[in-house]
Amino acid sequence: MVALPPVLLIALPLLFAFLAPLVGMVSRRMVKLYTLLVLILNALLSILLFINVMANGVVYEQLSGFYPPVGILLSVGYLGAILAVLINVLSPVVYLSYFGEAENSVKFSMLYMLVTASSTGIVITGDLFNMFVFFEITAVGSYGLVASLRTKEAFEGSFKYIVLGSIGSAFILMGIATIYGYLKTLNFYDIALRIDTMPETARLMSFIFLIVGIGVEAEIFPLNGWVPDAYQGASNRVASFLSVGPSKAGIYAIARLIFTLIPIMSGFELSLLLGIFTLVVGELAALRQRDVKRMLAYSSIGQMGLILIALSLHSETALVAAVFLMVGHALAKSILFIGSRDYSGGLLRNPLIAGPLFLGVLSIVGMPPFPGFWGKWYLMVDLASRGAWTIILLIVFTAIVEGVYYSRYLFRGLNGEIRTLTKSEIASIIILASILILIGLFPQYLYDPAVMAARSLLGGGP
Amino acid sequence: MLMETFYAFIIGSLVVLALNRFPRIAAVVAIAVSLLPLFALIYWAPLVGLTLPSYLSLLRFETEISYALGPGTILLQITPLGWFFLFLLATTFPLVLLFASSFVRDNAGGFYASMLLTMLGSFGVLLARDMLTFFIFWEIMSWSILALVLRGHDRRAIVSYLAFGSLSAMLLLFGFMILYYKTGTFLFGEMALEATPLTLAGISMIVAGFAVKGALMPLHVWAPHVYSRSEEPFVAFLSGGLSKLGYFGMILFMYGVATVPFFATWGTFRGVPYFGYALAVIGAFTAFAGTVLAIMQDDLRKLLAYSSIGQLGYVAIGIGIGTPLALTGALFQALNHTFFKAVLFLAAGAVYYRTGRWKISELGGLGYKMPFTFLAALFAIFALASIPITSGFAAKWLLYEAAIEQGFLFVTPIMLIAGVGAFLYAYKILYGVFLGEPRHDVREAPLSQLVAMWILVLPLVVFLVFPGWVLDITSPILQEYGMQPVAHTPYVITTNLAAYNTIAVILALIGTLFLALILYKWKPQKVVPHEDNYLAGEPPENYEYISMHAASNYYEPFEDVFGGIFRKGAERGWEIVLAGAEFLSNGARRIYTGLTEDYSIYILLFFLVLVGWWLLW
Amino acid sequence: MRNEDWKKISRLVSKRSLWMVHFCTGCGAMEMPPVMTSRYDMERFGMHAMATPRQADILLITGYLAVKTLKRVVQVYEQMQDPKYVIGFGSCTINGGMYWDSYNTIKDLSKYIPVDLYIAGCMPRPEAIMDAFLKLMDMIDKGEAIGWKKYRKYYDQYKRNQRMAFAYRLDEVKEIKEDDAK
Amino acid sequence: MVIEIIEKILLLSGMVALGFIIGMFFNGFARKVTARIHNRVGPPIYQGYLDVFKLFAKKTNISHGWIFDLAALFSVAGIALAFLFLPVAGISLLSTEGDLFLILYLLAIPALGFALGAGASGNPNAAVGIMRALMLMLAYELPLVMVIVAMMVHYNTTSLATLVQMQSNFKWALFVPQFFIGAIIVDMALQGMLMEKPFDIAIAPHEIASGPMVEFGGKHLGALMLYKMMAIVVETTLFVDLFLGGGVVLSVEQYGWIAYLVNFLVWFALITFVFFLALLINAVFPRFRIEQALKFYWKYDALAALLLLIWVYAGVSI
Amino acid sequence: MIPELLQPVFVISAALLSIGLYGVMSKRNMLKIIISLGLVDTGVNVLIVAMGYLPGGTAPIENGNYALYVDPVPQALVLTAIVIGVSVMALALAVAMGYYRKTGTLELDKEGVMKW
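Protein chains in written order, with the working numbering: chain X, 1 to 462; chain G, 463 to 1079; chain E, 1080 to 1261; chain D, 1262 to 1579; chain V, 1580 to 1695.
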């Protein structure tokens, strides 16, 4: 097998994204097909990369001829590879739902490819500033995607996202500046090696700057004000894509921050605390929510909290749980967001729509054999083996709250005026649901990589 | 063949989904698949000491199996307890599907697929050897029930089922985690529980989680909504079969995983651990309150739902008392309830199939129009009311004996009075649906429905004559838990306090019926039309507008007395809990004010707090 | 035992266990309480007031019968089970009594249902009522109280008379006349 | 073997016949007693036999269909069955084959059978009557079962035959202070069981035209009369067995057939006395409404029974 | 490590940041918020450039004199950051325009549906 350079994964869609207007000049319709093909190509590349990483360990690639720490290094770790596959495989499937709408295809497709590429970039990069750049590209692309619906809500949501995102990027920059000021390097490995030489205060300051900055993107509780508004304003498929790409990339960045970059004990404690707050606030806020997209957004926040808890437990079992939760959440939430377009009723009378949505809800609520279940189960097992009953109690409580509002959600889809989705949307959610079922029936194909990712992260690797 | 059974169920459910457009073929496929557990049941019969002719066991099934499923391992093993409950489920299930073949019309593929998945889940639960397997199959069963509940399109049913379903799942999960923390293993067989408060809390949570499925009060709220808003074949299986799994779990965890000495560490009351006593009291309360609520219902399905709740309360009493007599009674009651409640729900379904009505006050006089449905329902109602001409009495008798044996002065009268209350609602069903004024010109139910009902009636009759056969298959369960089986012959059950000879009762009844028949056949009689009624000389003309049916508000004086206390009591309590959660939710929601300035203030505040926390402190 | 003997015993017993249903329309009902209570105590003879015609042997009609009421009386009478006896109580049932010229009161009860026994008087005294009961018992014993057989035998005739009484339009009467002609 | 079986069958049939004969006697007896209290002469004491005979001699018998006919069958058969399972004057024919719970449930067979037929008639009065009867049953059963449970726990048996045996030699439950109160409570319940005033709500002839029986006439009514009469015997015997030692005064081992005779006479006297008490109340009281009856039994009677339970609870330790 | 000389720069950077953040936290007009964001960006950029500054250093141009030149990396970073900041700002302005077209105002409304 040819070991393809990982940079292709970023470069290809970036390149093709800027070629899209050319295609658009020829035919507007072609753009969608073109984008889909590019994304599928990217998905295949990511799968190849995944196989390569699983077989040969971490893949490194130096860019632009300079050696680290000056040059930029790509390092694809196990977790990165899993997330790269997740993002790149789900991105064309979510994009599929875009077929059937005529408007705005060139700009939208460009932004879409851009965000795919940059989210992938975040999870495979080995350089702090590079990560920042990808963060910014992701953010800019996401701002555009959110606004792409061109309604008042879309603009408002997008603007709030921009404001918070900019503040967040300022914090990331300050964190980078602090680190660079002391260590004169931006490479992850270099930083990890020499982080102990930094004065205590500076180290903590940089940690705080970075976690505040990244937390905005990763939807952590006090920093996630934009989330409900942007999700509510955005079109459904954009919301779906946001929960697949940028949010997972953000949570990956947090994982790298607390595990490799600045692995201090209080960092884990802090992120555990943040995770609990995020979980409780998100799930509680969803309970009384009438707007479906907003409710799903709050639910996303809650899930992020759960993932964060799993990450910050610093154990193999919990990290495996985190991987399952991430995959489960990305799949299920994208189904729910796509399926909930025009969600006022009658939708679930169509078995082809009802089935995937039902499975999505099951996975989110944590029913076996879907990935959400394995995530929750292993998280619980890990917490139980520590005797952390308070956290278990909170998770249990929020899970019941989840049950209540998802049952309302299901009911709303049953009664009322009969509406339906476009064929491409149905196709998209059916594909997503089949992936969900496959992972449910054969969890070992996710479990083994997850274990490797967990071991690698615990060993300080990517 | 065991793993293949599971595959068959998964593949079968996919196939019937694909056959959505052809409900008949889907039904045939589903029934064919549903027979597999029955074969397994027959093959495993020697486990409980039954020797069946070898030609009955067509397929071979492993008694123990382990199967790696990704992160976990599925461990399955048949036990006598599992066999007993499998007997209830596996016999009911094909018949329920048979009934459904003529009952379920729209989207039948989805129905059969979900039904097969519920059975798949139950099958796994009954065979589970460790907590992971148990939980996986338990939840598969739970959510496939949810899929069936969704077909009812009822808000309260869906919301209450999913809410209580998650409550149950989470209680189980929490309890399992506690047990895992204390024992370090998931295997039922290897758990050696120390008597610590934490373990007790874990067991209590598990039992509470099962109580949700078994619809014990006050965790029963979902049951009436779900039972009254779903399709009858499913409800028959839910009430008859699936609700028993809650009690299966209780027995498994209270006597298989934990033991009587474990509970006795915290003291006993008249030879029964306080834990069991509390369960028995809750069960007695459920039996009573369920009965009272059943009496007050007008919707046939709601009535049957509350009756289910009440009758299952008896099972809880038996499990709580936990003596051999009581456990036998609980199992026997579970068996009876499976069959008679399935028959009743199916009969209700048949009535609905022909008339399109659910309200008791809108039905009436069907006894002469649908005589076979009526007779099946009559038998079931006799069993429900534990009249000693069906097997229903033997179970209640065992429970009463057990309670008296332990000297329970306060629980026993409640059990007895709940039994009397059962007469009231049993008669309400009989009168409101089958007797009285005929209002619908309908035919007898279709053959498939009749066959399903009558085969389900069969055990009630057989175990009336030979209750000892049930005790035969419950004895290995008791032996497994180190208890002395109840002394019995096929038709005499003997306890320390008294004996019950079914043959004597039946022969005496036949004799007296014979005497009565002689007396009765003495004179010829004339059958008059139904309209020929004495109404103070007022001839009932214009049937369209005058109704002589007294079934609406039938027990109105009763409702005057009890209605205020019991109606919606539990539901209101849970609504308060929900309102509390929603109050919290409102608080959480207010955080997201939708203003950039607030959001950026949050960020800055968070930053400052972190800085303050770490750098200054 | 021969059939005749059987019937004889049956009559002998039946006469000592007569259950009544009162059709209390007029003022005559006032005379029943003394008959039932301690002064005269009809229960001495095994007589008993019953609530429904299904259970009763005697239909006691105490007073005038409007046409509308007659409908009910016929209904009640037909719901009674054989053997059944009718006692017309007071002059109203015999000839209309003081309502003899009323347009909507029937004059002769026996035209519509077979009356076994009339008690004359306006009002009959309790003694007369008791006497009538004893008389009825005597008749039953002798097999003379055969009103129920008559009703069966002349059913058409009774029905015709009833229809005649119920008819309140001229064409209905005409119809009945035409039926008679057939 | 065959002779034994025939003997048994004859004995059982004889017992049933005896029950019916005593029941019919009670009918006349009740009417006579009531009449005497009312200062009337009243019917002859054999009036019950005449009534039943007359009803079975009716020429036409009107039925409302086969479900309606079940009423007659089940009520007679059921009550006879219950009678067979009671120890009568210390003679237990089948009472060792079942116990008190069985008897309580056997008593429901005729009641439900009766209700079935009444419902099948389609008469609303019947339906209302059955509703009242069932509610009354619910009402009086609570104090009844509370006392019965107390006795079962106290004597540590559920078998009525054993209970009677334990009360032999005049160790009657009535003489135990707790169960003296218990007897009073059960006697009140008995009033409802016998459906005498103030609890004749179900068959209130003036309100609902004798309720469940409204459509019954002729042989059907005859069968129901038999049931009601026999029910008096069964219910009073239950009381006597519970509290008055079942009328056993002489031991059979000692005195042989004389003991049977004496016991039988004593039993008969006792049930007559118990019934007589009920009649006395019946003759002077008006009727309750059904919810009043329910409140009476569940408030006062059941409260007393609860105190009794607490008393027994304090006294018994197992 | 950080030269004394640079402290005024930090002060300036902090001031810019604070002004910018204050603007974001107090204004509801979109344009004002965007301007404030620009201030925040500038503040951060100043900080980063200061990080790489050496007193008396020259531009890092290859002229044989390796002795004293300022660290080029922060400058590269800042260039990138400025580019990104500009693009974000352009996008923000575009969004603000769109918002204005839809609503006729640049004020983010308090009573809108996008809350809670």
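Since the hints were made in silico from the structure, they are not lab data. Predicted model only: the values in this text are computed from it and were never measured. Note that CB positions come from ideal geometry on N, CA and C, so glycine has one too. Hints may be right or wrong, so weigh each one.
Distance windows between CB atoms, simulated [as the list claims (entries may be wrong)]:
#1 D:1270 with G:567: 24 to 32 Å
#2 X:22 with V:1672: 25 to 33 Å
#3 D:1533 with G:956: 32 to 40 Å
Not the full set, but computed from the structure, chain E residues with beta-carbon under 8 Å of chain G [unchecked claim]:
#4 1127
#5 1133
#6 1174
Each hint, compared with the structure:
no.	hint	verdict
1	D:1270 with G:567: 24 to 32 Å	violated (55 Å)
2	X:22 with V:1672: 25 to 33 Å	holds (26 Å)
3	D:1533 with G:956: 32 to 40 Å	holds (36 Å)
4	1127	violated (17 Å)
5	1133	holds (6 Å)
6	1174	violated (23 Å)
Checked against the numbered hints given earlier, the structure breaks hints 1, 4 and 6 and satisfies all the rest.
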